[in-house]
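With the sequences and hints as input, model every part of the structure.
Under the UniProt record's numbering, residues 1 to 243 are what the sequence shown spells out, in order.
Honestly, the hints are just simulated from the structure, not real lab data.
Among the clues, some could well be false.
Simulated DEER-style distance windows between Cβ atoms [said to hold, decoys possible]:
#: 1; residue 1: Q186; residue 2: E141; range: 40 to 48 Å
#: 2; residue 1: P101; residue 2: K165; range: 21 to 29 Å
#: 3; residue 1: Q163; residue 2: E141; range: 18 to 26 Å
#: 4; residue 1: N170; residue 2: E138; range: 28 to 36 Å
#: 5; residue 1: V88; residue 2: T38; range: 16 to 24 Å
Quick reminder that beta carbons are idealized off the backbone N, C-alpha and C, glycines included.
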Amino acid sequence: MITLYDMGPVPKLPGNMGTSPNVRKVIFTLNYKKLPFTLVPLNLEFIEPTAKSLGASPTTTYPDGSPKYTVPFIHDSTTGKAISDSQVITEYLDATYPDTPVVISKETRVLQSVFIETISNKLMGLVPILYTKATSDEMREARKKQKFNPYAHVMDSELTAEQEKEIWENVRKEFEPLESYYTNNQLFIMGDRPVYADLCFAAFGSVVKFACGDESEEWKEMSSWVGGRIGRVVEEVLKYKKV
Numbered sequence: 001m002i003t004l005y006d007m008g009p010v011p012k013l014p015g016n017m018g019t020s021p022n023v024r025k026v027i028f029t030l031n032y033k034k035l036p037f038t039l040v041p042l043n044l045e046f047i048e049p050t051a052k053s054l055g056a057s058p059t060t061t062y063p064d065g066s067p068k069y070t071v072p073f074i075h076d077s078t079t080g081k082a083i084s085d086s087q088v089i090t091e092y093l094d095a096t097y098p099d100t101p102v103v104i105s106k107e108t109r110v111l112q113s114v115f116i117e118t119i120s121n122k123l124m125g126l127v128p129i130l131y132t133k134a135t136s137d138e139m140r141e142a143r144k145k146q147k148f149n150p151y152a153h154v155m156d157s158e159l160t161a162e163q164e165k166e167i168w169e170n171v172r173k174e175f176e177p178l179e180s181y182y183t184n185n186q187l188f189i190m191g192d193r194p195v196y197a198d199l200c201f202a203a204f205g206s207v208v209k210f211a212c213g214d215e216s217e218e219w220k221e222m223s224s225w226v227g228g229r230i231g232r233v234v235e236e237v238l239k240y241k242k243v
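Laid out in structure tokens, this is it:
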């Protein structure tokens, strides 16, 4: 059995969909591969000691050079291995469970990485709007106690309606060039079946769907971007249910 570790929980988000979009990438991958797993939410202060106890590696460093442990990380009881970082986890799943659909092939790895980084960078513009909606009060309080808080600049900011409108419009324009990645009306980046880049696309897009709500103007707006692909990709990927 695979145990997947997330931060949280955030009560208003679906329990089986994770809090962190990076964790959601792994959830969508596991669902697509039809691999059973257990999702374990951790308070922020327990992420590092839990990762260390399992032998999961740090994924980056703090500004002072000390190791930083982040979600997602997994423990696979079948192999006894602990793996961290969503893409590294996905490559591990491809290699360890070859009878499941491969989502990061050697031939497409670089292209997918470029696409994922592009999406991630473009969506950072929405952080000032979405941060409060996608987190809990407890999580925000825990962030304030961190030595290095990556969200300090948005935690107490209050945006006017006009400022939010401007942010949404700027991010929408940033997404327009993504249509060039697709051929004709294809839904997924590589054709008729999803690969890791599509699962990441859905993970990022679903932040708005889950945090703001299905019927929210924010989700209706974002669903129409990239020729309507964001909404369609999210809904298609959500059809792959947890085993």
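To see whether the hints hold, each was checked on the structure:
1. Against the hinted window of 40 to 48 Å, the Cβ-Cβ separation of Q186 and E141 comes to about 44 Å, which satisfies the hint.
2. For P101 paired with K165, a C-beta distance near 40 Å fails the hint of 21 to 29 Å.
3. The beta-carbon spacing between Q163 and E141, approximately 25 Å, falls within the hinted interval of 18 to 26 Å.
4. Against the hinted window of 28 to 36 Å, the Cβ-Cβ separation of N170 and E138 comes to about 31 Å, which satisfies the hint.
5. One distance hint, 16 to 24 Å for the beta-carbon pair V88 and T38, holds here, with the actual separation near 20 Å.
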